[in-house]
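Here the protein sequences come in this chain order: A and B. Counted from 1, the first sequence has number 295 at position 295 by this note's numbering; the numbering is strictly sequential. Counted from 1, the second sequence has number 37 at position 37 by this note's numbering; the numbering is strictly sequential.
Check before you lean on any hint, since a few could be wrong.
With a straight-line Cα cutoff of 30 Å, these simulated DSS-like cross-link-like pairs (lysine-lysine) come out [unchecked claim]: (1) Lys280(A) - Lys87(B); (2) Lys86(B) - Lys14(A); (3) Lys86(B) - Lys280(A); (4) Lys29(A) - Lys101(A); (5) Lys101(A) - Lys160(B); (6) Lys110(A) - Lys36(A); (7) Lys138(B) - Lys85(A); (8) Lys104(A) - Lys86(B); (9) Lys89(A) - Lys138(B); (10) Lys87(B) - Lys101(A); (11) Lys31(A) - Lys104(A); (12) Lys89(A) - Lys87(B); (13) Lys87(B) - Lys110(A); (14) Lys118(A) - Lys138(B); (15) Lys14(A) - Lys110(A); (16) Lys86(B) - Lys101(A); (17) Lys138(B) - Lys239(A); (18) Lys160(B) - Lys14(A); (19) Lys87(B) - Lys14(A); (20) Lys31(A) - Lys280(A); (21) Lys86(B) - Lys110(A).
Calculated directly from the structure, the hints in this document are not laboratory data.
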Amino acid sequence: MSTVFDGTIFHALKRTLNLVLADDTDNAKAKMGMPKWCEIKTQNDYYEDDLETAGPGLASEVTEGSELPTGTIREGYMVRYIARKFGQKIIATEEALEDNKYDKVIDAAKRLRRSMYKTIDMDATLMLVRCADTNYVYGDGLCLANSAHLLADGGTFSTILATPYSPSRAAVIAMTSQAMNMPGHDGVREGYELKTVVCPVAQWAVWEGLVKSTKAPEPGAFNEINVVNQMDLSIVPLKFWFNTTTNWGITTDADGGLNFRYRREPRSRSWVDNDAEVMKYGISARWSRGCSNARGILFSLA
Amino acid sequence: MATANPYHYGFRWNTAANGGHPVPAPIERFLATGYAGAYNTSGYVDLNIGDTIMEVSDGSIAHVTGSAANPSIATGLFWGVVVGIKKYYDGTVIRTGNKIPRSTAWANDDQQATALVVPITAGVWEVCCDDYVTATTKAGYQAFIGENVEVSFSYNATTKLAHPMLDISSHATTNTLGMQIVGLSPRVEVVDYAGAYVPLLVVANRHNVAPFFAQSLGV
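Same shape as in the complex, but just chain A (with noise of 0.2 Å):
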């Protein structure tokens, strides 16, 4: 924004302030989100690519003394994962920070370390806000949530629910009779197994009742075991999912799914400009984040 002054922080140039508050900058890296329902890895390169490929299907009943038939493998769709750089700096005079009696007033490395990590926890969370958006697409040209992922050998699948729901133990048990029913890469039914909720903060109680309950939760039918509560489902409810209420999905067990890539995790500097007498205090990090594997997640857009 631009640098700070005394005038900046005219409170704190006398010992008179009993609290000082601020947004909380202790561990800010582990309080992101994000590491609970993205697979995080290391970047080596400016920009690695995830290939998909897909065969040879199942095998042919053969005739005795017959040649047997032939197999093959295809190359799917490939997905690039370039490293972004983010950055910021925070600008303080000299005199400034001779004259600030208190640290958390400017406390500028601590500020820029929250700045950062919460920048990577709704950078990553921007895959979710955009999951249906046409116009961030991955490796097959379509967005996340999409009824008409392409398979290798041609067909589609879905990773959306036909019929959108809200939170319920029918949406989940819908939704875990679609992943069983997922193809696989070759296009032959596979199946995966449903991980981590994440959903709008709004959604997190409905679905700790959901998933903690060890019988049905709807009114009449307690004596019913709930076999959500038995998928061990973890939930994670993202303050970044911020542009809808209603929307949620399921990360599932495929590889390759929603990955977060650190090229360079955040790096902290600081520096004296000494024409101007400034302190600089700079962070920057550099990454990538997409999803090779479609079938990583499963949507309901309710």
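Position chain B against the provided structure of chain A, taking the given hints into account.
The following block gives chain B in isolation, referenced to the frame of chain A:
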């Protein structure tokens, strides 16, 4: 479901313009004694960090303002942006702070109300738009890049803030408009182009910072 983007006040230094020094290098500029603050039908406002200023013939500075008929739309020549406050006299002691209250009077050099101002041509500035109906998509905002736009004010008589923003509905190629749009803010927190307060990056277009003056009106 449109979501308001975080609001940040006024003109914010983004990067140096024209390869300048990457620190907003401020110049001390004084306010006339008793400077009443900018006024529109909502009332007077203080001089705050992030406000745009113009030069006055006595060497002081004042808010950029609009016309008497339409005070909410800037018509003055931009000279700079307030990035800090050096000092002002509150009637008892010399203070510093994040604003110079309106009608601050001073009687001598020590008391002179002084703001830290960066010439508006020095930087690329980030400023929020004042409506979210003119454009509602990223592509819509991108189409404005290269066009000019006027600055608007939304005075708040209680907080005494002028709230300079981009009057985005005025976007046009008209050469007399105050700013030129050079880009969209790259902030990650800009999450919804259908929501309020989309920030854009602008450079000055109608200003009188020598030697880059756009209109040679001395004051």
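Verification of the supplied hints:
For the hint linking Lys280(A) to Lys87(B), the alpha-carbon distance of about 24 Å falls within 30 Å, and the restraint holds. For the suggested pair Lys86(B) and Lys14(A), the alpha carbons sit about 17 Å apart, so the restraint of at most 30 Å is met. Under the criterion of a C-alpha separation no larger than 30 Å, the hint pairing Lys86(B) with Lys280(A) is consistent with the structure, at around 20 Å. A threshold of 30 Å between alpha carbons decides the hint, and for Lys29(A) with Lys101(A) the separation of about 27 Å falls inside it, so the pair holds.
Taking the CA atoms of Lys101(A) and Lys160(B), the gap is about 28 Å. The hint holds against a cut of 30 Å. Straight-line distance between C-alpha atoms of Lys110(A) and Lys36(A) comes to about 23 Å, which keeps the hinted pair within the 30 Å bound. Taken as a hint, the Lys138(B) and Lys85(A) pair is honoured in the structure, with Cα atoms around 20 Å apart against an allowance of 30 Å. Only pairs whose Cα atoms come within 30 Å are accepted, and Lys104(A) paired with Lys86(B) is accepted, the gap being roughly 22 Å.
With a C-alpha separation of about 26 Å, the suggested pair Lys89(A) and Lys138(B) falls inside the 30 Å cut-off, and the hint holds. Simply put, Lys87(B) and Lys101(A) have alpha-carbon atoms about 19 Å apart, close enough for the 30 Å limit, and the pair holds. For the proposed pair Lys31(A) and Lys104(A), the alpha carbon gap of about 19 Å is at most 30 Å, so the pair holds. Between Lys89(A) and Lys87(B) the alpha-carbon distance is near 26 Å, which keeps this suggested pair within the 30 Å criterion.
Between Lys87(B) and Lys110(A), the direct Cα distance comes to roughly 29 Å. Compliance with the 30 Å bound is thereby established for this hinted pair. In summary, the hint linking Lys118(A) to Lys138(B) is supported, as the alpha carbons are separated by about 22 Å, within the 30 Å threshold. This hinted pair checks out: Lys14(A) and Lys110(A) have alpha carbons roughly 22 Å apart, not beyond 30 Å. For a cut-off of 30 Å, the pair hint linking Lys86(B) to Lys101(A) stands: about 18 Å separates their Cα positions.
Taking the CA atoms of Lys138(B) and Lys239(A), the gap is about 23 Å. The hint holds against a cut of 30 Å. Distance check on the hinted pair: Lys160(B) and Lys14(A) sit about 26 Å apart at the alpha-carbon level, within 30 Å; holds. Distance hint between Lys87(B) and Lys14(A) is fulfilled; the C-alpha atoms sit about 16 Å from each other, no more than 30 Å. A hinted pair counts as satisfied when its Cα atoms are at most 30 Å apart, and Lys31(A) with Lys280(A) qualifies at roughly 26 Å.
With a CA separation close to 27 Å, the supplied pair Lys86(B) and Lys110(A) stays within the 30 Å bound.
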